[in-house]
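**Q** Place chain S on chain L using the hints.
Chains as they are written, first to last, in the working numbering: chain L, 698 to 1010; chain S, 50 to 560.
It should be emphasised that the hints constitute simulated quantities derived from the structure, not laboratory data. What you are looking at is a predicted structure, and each value in this text was computed from that prediction instead of being measured. Even for Gly, the Cβ is constructed at its ideal location relative to N, Cα and C. Wrong hints could be hidden among the right ones.
Claimed, not checked - Per label pair, the in silico range of CB-to-CB distance:
hint, chain 1, residue 1, chain 2, residue 2, range
1, L, Ala884, S, Ala143, 30 to 36 Å
2, L, Ala721, S, Lys461, 46 to 52 Å
3, S, Trp397, L, Asp756, 51 to 57 Å
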Amino acid sequence: MTISTPETSDGGATEQVVPFTKIAAAMARGVCQDAAAMRALVATVIAVGPDDRLTDAADTLRALGDAGTVRGILISPGENPSPPAQVAGNTVWLRGIKAPYLNNAVAALRLSSLPSLVWWRGGSEDLLDGLADLADRIVLDEAEPERGWRRAVSLFDSSAFSDLRWARLTQWRALMAQFFDIPEVRAASREFTRLHLRSSDRMAARLFAAWLTSAVSFGDTFNVDIEDEGQRDEPGSPLREVTLGNGEQSLAIKVARGLTCVETSVSVRGHRAASRVVSLVNHDRTALMTEELRIRARDLALERAVRGLVGGG
Amino acid sequence: MTAPALDNPLHDGLRIEPTPGPTTLVIFGASGDLTRRKLLPAIYHLARRGRLPAQFAVIGIARSATTDDEFRGQFRDSLKEFVGAPAAADQVAASLAERMYFVTGETNDADLYARLASRLQAIDGAEGVLFYLAIPPTVYASVIENLGAHGLAQPPERGWRRIIVEKPFGTDLASARELNHIAHQHFSEDQVFRIDHYLGKETVQNLLVFRFGNGMFEPVWNRRYIDHVQITAAETVGIEHRASYYEGAGALRDMVQNHLMQVLALVAMEPPIAFTADSVRDRKMDALLAVQPLVTDETQQTATIVRAQYRQGWVNGSEVPGYREEPGVGQGSTTETFVAARVHLDNWRWAGVPFYLRTGKRLPKRTTEIAIQFRRPPLEIFRRASQTPVAPDLLIVNVQPDEGISLRFEAKLPGTRMQIAPVMMNFRYGTTFGGDVPEAYETLLLDATLGDTTLFARHDFVEASWALITPVLEAWRDRHRAAIATYEAGEWGPTEADRLIESDGRAWRTL
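For reference, chain S alone in the conformation it holds in the complex:
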């Protein structure tokens, strides 16, 4: 990393964020959707903002025979589609394109790595190399081993080697452990960046500032004042022609094991002693270790996690097929597209406070939020005067699409009578501070080039998360012939999810 030099007198008074040293980004899966939609636009935005070094290059790798020029054309096409036509034609894009190269090959072919090594040698300034695995998880291990075998994981005397691994990191506890083991044979932990794009979102990072940068929230952030927490990640889309991936994943692996567990840990963690990678990740790990095992008993009332699959229905004004009617999905599929869970943390701060998680596809609205519901006042002195019950105070952290924070509290309606109504105060990132809010992938790519692991999942967190999820997966697998609950596309999940929370005398938030 080329941090601003401490003895550079010109930095005085300038808020210059660090720029990485010479870097080559090697993207495995360069022809894929993630590269096109997210990575190439993120690189362009970072370059525009001057956050990339002069010696920055990209090497794309994929099976399809592609020349350097064709790859540069794909880059421009990606900008046209996801940034805008002017971007594709501007000088920043032209300058970046000049340093984009392509290496064709199969990821299990040793020759690919030999050619990659010689390409890297030929690139001026390939001192720092960031490998990005934007490929199916089934080939992660093979790529990591090949990188190691060809000496590509070994940092040179002056430079660094790092690897970003997309989710899902493993498919269960055993495979995650195995993948960590393979990764650690060739890369040290500080070279491995397990990406979870939720952690790159401003609001998710702001949770730390909100909790630990203010004096007024942390004192009430506990069982004494909080009744419960609801974390929702709702999508309106279905599986978007990704049946082959989704059939092997399901909502539990796709969303809960990574995104929701990360968010849960950020909400529940104790204060770190400093804003450093290990300090933050240690406290997140503590929170995760306090989570009690999930119970899958679907026939009785003791379940703390339920699953379901969407049926045909209506979403955003269009009729959509049921999950089993999606191309590539079998009629007997029991893959869950919806999960709801009640999570308990067995620690001093959260004992007795349930965290309700829900995520699903083909729900009525695309939204991700954390809702913290406070306890009601101990005495309802306005009950008679107001007639309507006093609503509990609510703090809502909107993760997407409108990143921000809202606070709902009770207020007296103007007039001579004592009438009470809830009011909402809103803070929105998109408007409050002006300027652009960076995309999560921009933040995370830059952090990886700078070697900052704070917003990436550590090996022990990934394994602890899988340790919670794997028994559920196994239980569901063992009863895969049993009918899975269903919900109509366009509705907020199955009745089983309602029962899960209603049995506690609570209800899902209306979104």
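Bound conformation, chain L alone:
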């Protein structure tokens, strides 16, 4: 085995640069040296994207790998059939691998008999088709998501998809869904005329609106307006405020002062007005990916919302 320029990664695991054929041995050795990694493994996460989009993904995978539960494979496509691999603990980074070799690399390195999840951080959408065959689930995570969404629509029937932007909306969707558990809210929904969203991520706001309007039948005069705060505050909450209703009835969810909590309030005819405060969930990538690792099934609500946004299928 050739080991060159050993260095220490942020996570503390010793980083080694090894040829592809020595990755398994290097990982095994790294795992043996790291007592934390002797824990139960749950999945392989394969992060694919341009080099500059994989640096923070590497931190996330190292955090998950340090807990000893995930094997992380970072792949930035390029022109090299067999690039040297950087191995640190349970994470391996293949920089510049040539596209035709990518699927084979994933097949060779993923953990057997455990789920594989592709974390798509951008690049040529053509690669998605092959990865979709290898992975149990694909998590989209692009700054400009529309092209990826369009390609994903054609793969929905064969692969399970998620989206980190969508994952950041989960708490907002859950809080909205809980409003609709109230019979009076469901009864009043046809009278709602406006969905107002204040957002730091316009695409997330559009996705939320697409989800809501794909699931609930509103009246003909219903309209959506998005107030764009203009500044994407990753990894914070993508939305600041959602208000659904008409002049006299409203369902409201908004980030409270201090940005650590969300306040909800409901005021509809026939139901006692009520409000509550809950903690704003952690939206950092490690927390979101931890959640994603718990999901296996297709997400039909996402599929409907994405189809609503980009068309197709």
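**A** Below, chain S without anything else, positioned relative to chain L:
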């Protein structure tokens, strides 16, 4: 319960756990230790996670004259101490505190219940009311009767009334039956939640998943493959200034009758036909009914249960007094602080497989675990090559402090010689899945507000457990003048406990 509405189209794809409908939690014993340490932090955590409804309120009840504002201050103090200072100051805590109220009174004073009723009426959204008895067991009956007499146990047309009763539920079979009888005069069984916080622990619940959610363990979960089971609940603490309670309880009532019997039943039960409250509890009940009576003969070798009391010794690097030197404990006390038992279940699955239980205070280590020791291979073909005997395979379920499961098995040591050594594979809840593991009280409080009784003890289980324990209590009471065995604080119990298991050719697990 406000379960997610079936016709709510927004639930599609969302893993939303049900949130209770409007709920008021009424805590009897609101100034007590349990409320401060466990209940108030659990309420806060549930609120943070969005698991409580908008119309959630707390009414604290205690003897000490306390205003609503003072109670809110106690809530913040509790968060500061047991959750952390930021929690006490955050908006979730502030929002919860706004809906916290206090009613002062004696639990045997009828006027208290009249005032409680009017307070409940004044609270917006008190459709569901959960009474929590965090009070001494001696006043359970009086509170239950007063709740009934004032119409507070009766569910309104739109809403519910439930009651959580802390352990110990009774002090023997007769008192447990009497308490069940009183409870059933005012509450139906599905309104009564007898809490055992062990059942709220992830690992204990995971025992059901481990056994019945996997295909590979259940086929070997029987007398053919299992040699014996050891269930240990060890504490390093003493009685922590609770002499008045502990002198009347002892380890048998405090730990064995409830926690250990529940765990035993989960290990030994047959598969339920579904994961529903009654299906699970029926099978646990079957297991308990198969347990053979315990024998207390302390002078001969036939005892299947032994007791002991700790002497002065060293624990965690500090010298600690003996039990009889603890404040409030008499010099002649024969209250047991340690119990070990060999339990046999007379059924098809477990005939001939002993379950060894041990629990005690002032033991060397705080740990609760279930260890399932498998039989050795029928033929020891490696005996000559290996020189060291092959250790039996062992499955260990860690209940606390590190919730998880470990499997010990034999492996060949690398090298040209045939050498064998045990290896351990570990699975830990705290790290494997990420995220927080909820506290047992969070799980159980939420289940009670949702009306799910699966993780609570049913009346017949409590009585069957007392039916096993009461003859032992009576035998020990009758010979209370006899010297009780002792063990040095910081050691793993008395020699009598070792004899109990060694007489079967086995040994307690080294922990």
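**Q** Indicate, hint by hint, whether the structure satisfies it.
**A** Outcome of the hint check:
no.	hint	in the structure
1	L:Ala884 - S:Ala143: 30 to 36 Å	holds (33 Å)
2	L:Ala721 - S:Lys461: 46 to 52 Å	violated (21 Å)
3	S:Trp397 - L:Asp756: 51 to 57 Å	holds (55 Å)
In summary, the one numbered hint that this structure violates is 2.
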